[in-house]
Amino acid sequence: MTCRFINLIFSNGMKHIHRLLLIAFFFTCLTPAFASVSDEQQHETHQESHKKEKFEPGNFIMDHIADAYDWHVFSYGDFHFTAPLPVIVYSQHSGFHIFMSSNFHHGHSSYKGFELAKEGEYRGKVVELVDGHQVRPFDISMTKNVVAMLISMLFLLLIFISVAKTYTRRKGQEPKGLQAFLEPIIVFVIDEIAKPAIGEKKYKKFVPFLLTIFFFIWLNNMMGLVPFLPGGANVTGNITITMVLALFTFIITTINGNKNYWKHIFNTPGVPWWLKFPVPLMPLVELMGVFTKPFVLMVRLFANITAGHMIVLAFISLIFIFGEMNPALGMGTSVVSVFFVIFMDVLELLVALIQAYVFTLLSALYFGMAVEEHH
Amino acid sequence: MGLVTPELGTFIWMFIAFASVFFLLKKYAWPSIVDAIEERNNSIKEALLSAENAKEEMAKLQADNQEILKAARRERELMLKEAKELGDQIVREAKSKATEEAEKVVSSARKAIENDKVAALGEIKKQVASLSVEIAEKVLRHQFEDDQQQKDYFQELMKDVNIN
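As given, the protein sequences belong to chains L and Z, one line each in that order.
The first sequence begins at 1 in this note's numbering and counts up by one.
The second sequence begins at 1 in this note's numbering and counts up by one.
One thing to keep in mind: the hints can contain errors.
Partial chain L-side listing against chain Z, Cβ under 8 Å, derived [claimed, not checked]: (1) 62; (2) 124; (3) 163; (4) 168; (5) 255; (6) 329.
Some residues of chain L that are not near chain Z, with every Cβ distance over 12 Å (derived) [stated by the list, open to error]: (7) 99; (8) 172; (9) 235.
No farther apart than 20 Å at their CA atoms in a straight line, the calculated lysine to any residue pairs in the SDA-like style are these [as the list claims (entries may be wrong)]: (10) L:201 - L:181; (11) L:195 - Z:161; (12) Z:27 - L:162; (13) L:165 - Z:46; (14) L:171 - Z:115; (15) Z:27 - L:293; (16) L:293 - L:372; (17) Z:26 - L:372; (18) L:118 - L:162; (19) L:176 - Z:31; (20) Z:26 - L:118; (21) L:204 - Z:3; (22) L:202 - Z:46; (23) Z:27 - L:154; (24) Z:26 - L:262; (25) L:276 - L:256; (26) L:118 - Z:3; (27) Z:27 - L:118.
No lab work stands behind these hints, which were simulated from the structure alone.
Every residue gets a Cβ at the ideal spot worked out from N, C-alpha and C, and that includes glycine.
One chain only, chain Z, in its complex shape (with noise of 0.2 Å):
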């Protein structure tokens, strides 16, 4: 049968045909293509594990600046506290230095009126005494000018030391 019979000129043709086609594509078609389809996938696989580790990278970075704004935050809360306690320290400090002061103003003073009124006092005992001993001078040169009279007052000055 013609048909299943196979003709030497068909392959001839063929042979060459096919030899040279798959020469030529082989040599000017095919690498090109599987290269640029290999590559372009390399690249993609590339560009995704890139953006995936962009991404982490990110997140990490986000995570750090949360960390470094804590970090902050806990800082100025402290300063914070710091101020305050140093402030209330001074205030604390003034007040007790001012109470200080004054409690020695207020001790000068009381002591200086301690001494003028001791001085004082001094002054008017000296001045009583004086003026005592200069009235007790004149009852004197006036009463003992009678001796009867001299006695009952003497009685009467005796009852009054006895009291004390």
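Chain L extracted, bound-state conformation (with noise of 0.2 Å):
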């Protein structure tokens, strides 16, 4: 019975790493009434046979990383609360559309043609059924990861720009509340990154990009190891939501590049001239840097975080993986399993801040080495 209980809880999609940690965590105490209500829901349900299905690992972890139409935010046993978001889509068969995502009915039915896909190369991403075959949509809806990082970019705006009106309104005095809190944070971003990454004369200009991805990059790590609304989604552990702020450290740091940064691309001083000319080898190279640089920058920060959560999601798989062989066996697993997701999750506290931290310092070092005069 506990084993179906199990089955049944992650058939039914349920999302939260954290809020599974807590069942996990009461098992042995909530195991036997639960599994006779989901006993008797499994029979009047229609999702009879996806509850039968195995646990699978990759596809649970898979799910918990990646981005959703809606956004879950508790089960129940057989019921689940899931805040619908909007999904916005222009097909070239039929049009755009604009609708919630409680109509997919968490996967379960197709809206207007379209429908979330099960398998294959668009898992879980909206596919419209064209002639039996899946046809992907310019998809511009409203996923989890878009909504929590627009709660987190108002969280900036608001944070910030009250703790600019402090600033205005007690002007000379000692900080207070939360800006006294961000101060030395600010501080540190300007004294310890900009100014000795990029040089004491031309750091000011690069200050406000600096703090604005520190802080928003924090923010969303920190947010995404919050295990309920509005945090959960694993908005910095996005490739996209990397890639954007990787695009415009590329475009102000290419904006920004002087005489100097150019030469030392394409004619690289110190090198011999053979490496040069006729086979442009060095400049080549080089110019590779300049897209490897922002590139690595995405992938860090992408990796780290999706990594951090995939090992959290593994020791909670773990539970469930032994749950499957014997009861007991899971009840015992959980003990070590929780342990060590808190460890990670500490751990994790102390990444956000690093991966923060590197992200910018490394931006810094960039916009430093493209403003570098000659010396």
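Got two chains here, separate frames each, mind docking them using the hints?
In structure tokens:
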């Protein structure tokens, strides 16, 4: 019975790792009661086949890390509370559509010819069925990551505009409240990142961008660790998000690149001439470096945050893998798993800050290279 | 793999959101925060510097005061010394003057006494002379009545004169 319950939870798309963690924790006392309820419901619902699926840790982890069209808040037995989010798609076949993701009924039904792909290349994405083929429409839905990102943007605006007001109001006075909490961090970004990386003369121009990315990344890393709304979305572990951040760094670096910077790329000083002519080996390598730098920024942040989430989810999965073999084994594993998950979460708190620091520092270094004068 | 494939929709949302938040923060938040921090840092630096200056000035003032005090003390000592000297001198002068005066008085007194003495002696001499002349007259008158006696007496007188 316990095994079925486990399957039930997962097949029903229980989204939240930390919610799972709680359930896993109180496993022992709750299981008998739950199991009986689910047992009865199992026969009544039409998702019978789903529930008998084996627990697949790969899919389970991917589903939690990946973006989603709705925002799962909590599940209690067979009851799911999910915040629906707007799906905005443009299809070449049927035109422009806006509707709420609740119309999909957690992927169980299609709406206006659109459905959530269950398998294959577009797994979990909105697809349109055209002649029996799944076609991906132009999709600008406000997904979970987008909404979480917008919420964090709102937080950033609220926090920093109010702090800026406090600064204007309390001119020359000692910092207070939120301002006092943020000031050392702001000063750290300016004095320890911007000044040494870019140089005393030119750092000022880049400070707004560095502060913005630092606080955006840090806030979203932290919110990714919070298991309930408005946290829980894996924003900085989304390659698209990190791509945009890296793109901004790339654009700013390229725009601000001075003569010396381009000379270093196309006519690298201190390199023998035969490396530049007739085969422009060095310029090619340098030019590649221009693109690999932001690319590495993108991948590093994405990989670090995603990996952290994956490890936490893997530990949770262990409970259910062992639970499937034997309920008692699952219970035993849960103690160890929960301990490791707590350890990982604490580590992730550190990683959240370190990754924000690293991204900001490297961006600053690239800006520094772009504006460096010939010496 | 879906995980590492960028999504165009998310890209568009993120790009617009990030660009606008960056713009808004750059316009309304960061300048006032950064400027305020810098301004305060400068004012703290200035305050510390001026405090240091004030301290130095204070020390200098104190040194000056000490100097002035010392000078005043020296002056006072000098003045006291001078006054004492002056006093001494006055006393000395007064003393010498008094002595001089006294001497003058004494000498004039002595002179007067001398004069009086001389006058008195002269008077006495005169009287003695006249008395002795009178007496001699009387004696002579009485003596020269007898010749022998006259001779004896003369002899006797001559003896006395010889001793002189």
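Going through the hints against the structure:
| no. | hint | result |
| --- | --- | --- |
| 1 | 62 | 7 Å, holds |
| 2 | 124 | 7 Å, holds |
| 3 | 163 | 6 Å, holds |
| 4 | 168 | 5 Å, holds |
| 5 | 255 | 14 Å, violated |
| 6 | 329 | 30 Å, violated |
| 7 | 99 | 15 Å, holds |
| 8 | 172 | 6 Å, violated |
| 9 | 235 | 9 Å, violated |
| 10 | L:201 - L:181 | 28 Å, violated |
| 11 | L:195 - Z:161 | 143 Å, violated |
| 12 | Z:27 - L:162 | 13 Å, holds |
| 13 | L:165 - Z:46 | 25 Å, violated |
| 14 | L:171 - Z:115 | 111 Å, violated |
| 15 | Z:27 - L:293 | 28 Å, violated |
| 16 | L:293 - L:372 | 17 Å, holds |
| 17 | Z:26 - L:372 | 23 Å, violated |
| 18 | L:118 - L:162 | 45 Å, violated |
| 19 | L:176 - Z:31 | 19 Å, holds |
| 20 | Z:26 - L:118 | 43 Å, violated |
| 21 | L:204 - Z:3 | 37 Å, violated |
| 22 | L:202 - Z:46 | 24 Å, violated |
| 23 | Z:27 - L:154 | 16 Å, holds |
| 24 | Z:26 - L:262 | 28 Å, violated |
| 25 | L:276 - L:256 | 25 Å, violated |
| 26 | L:118 - Z:3 | 15 Å, holds |
| 27 | Z:27 - L:118 | 45 Å, violated |
Of the numbered hints listed earlier, those contradicted by the structure are 5, 6, 8, 9, 10, 11, 13, 14, 15, 17, 18, 20, 21, 22, 24, 25 and 27.
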